[in-house]
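S.K.: Listed below are the residues making up each chain.
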Amino acid sequence: MARNYETIIGLEVHCELKTDSKIYCSCKNEFGAEVNSKCCPICTGMPGTLPTLNEKVVEYAVKMGLALGCTINLVSKQDRKNYFYPDLPKAYQISQFDIPLCEHGHLDVMLDDEGTQKRIGVTRIHIEEDAGKLIHDESFSGTLVDFNRCGVPLIEIVSEPDMRSSAEAHAYLETLRSVLLYLGISDGKMQEGSIRCDVNVSVRPEGQTAFGTRCEMKNVNSFSGAVRAIEYESKRQIEVLEAGGVIEQETRRWDDMAGKSFPLRSKEDAHDYRYFPEPDLGTIVLTEEYVEGLRASLPELPNARTLRYMREEGLPRFDANLLTENPDKGDLFEACRALGAPAKAAANWILGDVSRILNERYLTLADCKLTAGKLTEMITAIDKGEISNTAGKTIIEDVMFSDHTVSEVIDREGLRQISDSGALETLVDGVIAANEKSVADYKGGKTNALGYLVGQCMKASKGKGNPALLREILQKRLDG
Amino acid sequence: MRLYEMTACEMAEKLASKEIGAVELCEDIFARIDETEEAVASFITLDREGAMAAAHAADARRMAGETLHPLAGVPVGIKDNICTDGLRTTCASRMLENFVPPYDATAVSRLKKAGAVIPGKLNMDEFAMGSSCETSYFKKSRNPHDLSRVPGGSSGGSATAVASGQLPLSLGSDTGGSVRLPASYCGIVGLKPTYGAVSRYGLVAFASSLDQIGQFGRTVDDVALLFDAVCGPDRLDATSRSFDKPGRDIEGSVKGMTIGVPAEYFAAGIQPEVEAALRQAIAGLEAEGASVRPISLPSTEYGIAAYYVISSAEASSNLARFDGVRYGYRAKEYANLVDMYERSRSEGFGAEVKRRIMLGTFVLSSGYYDAYYGRAKLMQQRMTAEFKEAFESCDLIVTPTSPTTAFKLGEKIDDPVTMYLNDVCTVCVNIAGLPALSIPCGRDQNGMPVGMQLIGPKFSEKRLFEAAKCHERRMGGALPIPAICGKEGK
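So the sequences go chain by chain: A and B. At position 399 of the first sequence the residue is numbered 417 (our numbering), and the sequence of numbers has no breaks. At position 86 of the second sequence the residue is numbered 111 (our numbering), and the sequence of numbers has no breaks.
Hints in this document: simulated from the structure, not taken from any laboratory. A portion of the hints provided could be inaccurate.
Claimed, not checked - Here are the computed distance ranges between Cβ atoms for each label pair:
(1) B:A89 with A:T161: 47 to 57 angstroms
(2) A:D116 with B:A78: 47 to 57 angstroms
(3) B:A89 with A:S55: 38 to 48 angstroms
(4) B:F387 with A:G211: 33 to 43 angstroms
(5) B:F387 with A:F336: 56 to 66 angstroms
(6) A:E286 with B:A78: 55 to 65 angstroms
(7) A:T301 with B:N123: 33 to 43 angstroms
(8) B:A308 with A:D116: 50 to 60 angstroms
(9) A:G311 with B:R407: 37 to 47 angstroms
(10) B:A78 with A:S55: 24 to 34 angstroms
(11) A:G311 with B:E414: 38 to 48 angstroms
To be verified - Simulated crosslink set (BS3-like; lysine-lysine; CA at most 25 angstroms straight-line):
(12) B:K357 with B:K379
(13) B:K483 with A:K95
(14) B:K402 with A:K99
Claimed, not checked - If you only want the chain B side, here are some residues facing chain A, beta carbon under 8 angstroms, derived:
(15) V229
(16) A230
(17) S391
For each residue, glycine too, the CB sits at the ideal point set by N, CA and C.
Use the sequences and the hints to build the structure in full.
M.R.: As structure tokens, this is what we get:
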């Protein structure tokens, strides 16, 4: 490659809000219901029906705006975006065009283990309604429409073209998702389409100040898909330029299965959405008091929490990041700390076995019965040598899905360690007698034979011997 | 005297005193419809069964000793762009020929709750686009005063039904004059309420920022009765407002009122008999104790242009939902999705509707928005300010409802621009969101009624009723129901 290129990335993220009802009618906002069971004459745009704004949507959007440091427009308006498509029953989407609820914000994303942050500009956040879903199925001819998603509230978060790598874009998306979860305004489930993004990519030779021509990629449905789409598109554009070509401004469709993007429409074919103010809805007018009230209600946000875990709890960035990704993990961690569990052990258990067990079952902490009390009791028992670390793995799997206490499981499974030195000494003597060769090896200088002997002692104790004590007694006997 | 000849208030009174029954009244109404419908063609759909059931219910409740709303048992017709649960609502379009809504408009549900009887759905210009009732896909309604003339539009059927005695009351809709113009042409009273006074929920939208459901009756008291029953805020319409309802106790006094007469509404093009009738009516109001002063509304001349830009822009968006996908007309044969859209809309809509959709699509297009829609909205601000200023020096404004009386069927239908000029006196009221009422004030040499328009500040319906009732008294009451001779008229 003759020149080095810089990739410029901007993201438009659509996020479904988890309000009880839809944005413009009183239908339940629920995912996964029977086809066309969560819709009414209003959200299906029947003649004569009118929208009325769900104020909870404004509240959630303003919260997001405040979390991202936006200016909140006390007066904003809603507009119609006109286009024909079978999943859009009114043939227009109610959105916000020139005066969105929130503008001029930013999101700080962490790029390395030292906690170095990069500030990504947020151009605007506006509210709008989601469209329905087309269903193509081979069991019938033609296409059917499910209107359940019509009128599900969305916020669109538009970033500045401030990202320079797919890794930065990925960090931005992960952080954005965490903020949504912390605010409790979205379930953040990518697989259910709660978060979707359009990716804008351009490249320019290093040192050039003007941006290159950008292409927008639609249909990016996962964060890893966004990374792949950016890398593909950046490479494609560089190849075009290197071959002496010109980048055409266009919209492309990302096909994640194929790992490629395909042209969807050129600039000339771009839709004219004929935006105009929605006459059925008044302007949205907020008071300073309302906005300040929401500002005061904001929780600690993930970035601040991550930094706190790194600085005050001494956790490495990787652990701190994982713990703060979802509010529930961080909350559990802090509750364990409050009960006296050491930071490192609590973090290891939550990010290790607990997360593994949940991931295997596609569950979250909210779906299981693990409490800070149970986890701390177990960690303390290990610390005191009452049970082994291995026993802990058995216990955790039980108490996560039962009402048993930790000590009940220890007793039932007979997991309490033997720490009585008299009993352990007898056991060690037996092992020494039965393993003459290893004893000889050890005495001959092969110190790693000790590990084998400790293992034999553990085996003889059926796993209940306190390994540290066993090692101590063994060493004393052999060296003595 | 037949029952149908009574005013709505008289019917209400006699029903309440059990002097007559709702069933009896309903039967006479249908008898009158049967006598006259072939001549005037007011209805798109009749619902004898539903109406008789409602009449029986009203009678049964009264017999059980319940005190009911005055409208209980009174027949009220509904313009066919106002949704009625289970009763076909076509907007006089092929597009919605078989559309049966699963919900009532708020105005309709309020009438039903009051116990009113709904005999059927009334003819109109297709999607309320027209000034003559000639763009209906189904039929052309005829003016009961001269069957060779138009009733005015778009709520033509609502006006002919009331004027011909088929119904005492009806609901219409008024986007640029669609209640007042036919009221004027048919010699009855028609109210276009303040924007936000009556819920638009269930009114199939033409131009959302201008549309209002209006009321027709033969007398001012009748219109006040109907308005009282349907107005008031509605949680289903974000543009509806709460206000002091005028009630039904109208004294009919203009004492101390100042009436403004804008020169621009008496300009060239006005039919001399219309001007004469107006001048006489204004003098009458003065004689009743009002003071009259000339005023100026200089932006009036831009009214038609601003109106057709704003209303067509909104219509192009509002009517986009009629795409053949979920309900309504779908072309029989099509090659693909876009072809299905194009054919369904080309075949389902009439010429006038298509003209306005194209106009509206154009004025909202990228690059043209500021020149057309943007400027029209600026003009809207200026007109609103002019009215506001005018109402600082007067309580009411009086103008003709139309520069002319009713014209012949077919006379203007091929000349859209001439047709649009019928609305020159009415559109500015919608643009400014004001209430206005049309009331008969004489006849031309052919015996065709002349209409006077009273315009007030927002939510001054009570004041309009007072002045109108004063005028009505001076005129000796409502115009009599005309004799309707044969199918083709005089």
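S.K.: Now tell me, hint by hint, if it's right for this structure.
M.R.: Results for each hint:
1. B:A89 with A:T161: 47 to 57 angstroms: holds (54 angstroms)
2. A:D116 with B:A78: 47 to 57 angstroms: holds (52 angstroms)
3. B:A89 with A:S55: 38 to 48 angstroms: Roughly 40 angstroms apart at Cβ, these two residues keep to the hinted range, so it holds.
4. B:F387 with A:G211: 33 to 43 angstroms: Given about 36 angstroms between the Cβ atoms, the range holds.
5. B:F387 with A:F336: 56 to 66 angstroms: holds (58 angstroms)
6. A:E286 with B:A78: 55 to 65 angstroms: Between A:E286 and B:A78, where Cβ atoms are some 59 angstroms apart, the hint holds.
7. A:T301 with B:N123: 33 to 43 angstroms: holds (38 angstroms)
8. B:A308 with A:D116: 50 to 60 angstroms: holds (51 angstroms)
9. A:G311 with B:R407: 37 to 47 angstroms: Holds - the Cβ-Cβ distance for A:G311 and B:R407, about 39 angstroms, lies within 37 to 47 angstroms.
10. B:A78 with A:S55: 24 to 34 angstroms: This hint holds: roughly 32 angstroms between Cβ atoms.
11. A:G311 with B:E414: 38 to 48 angstroms: holds (40 angstroms)
12. B:K357 with B:K379: Cα-Cα ~20 angstroms, so holds.
13. B:K483 with A:K95: Holds. B:K483 to A:K95 sits at ~23 angstroms (cutoff 25 angstroms).
14. B:K402 with A:K99: holds (18 angstroms)
15. V229: holds (4 angstroms)
16. A230: holds (7 angstroms)
17. S391: With a closest approach of 5 angstroms, the B:S391 hint holds.
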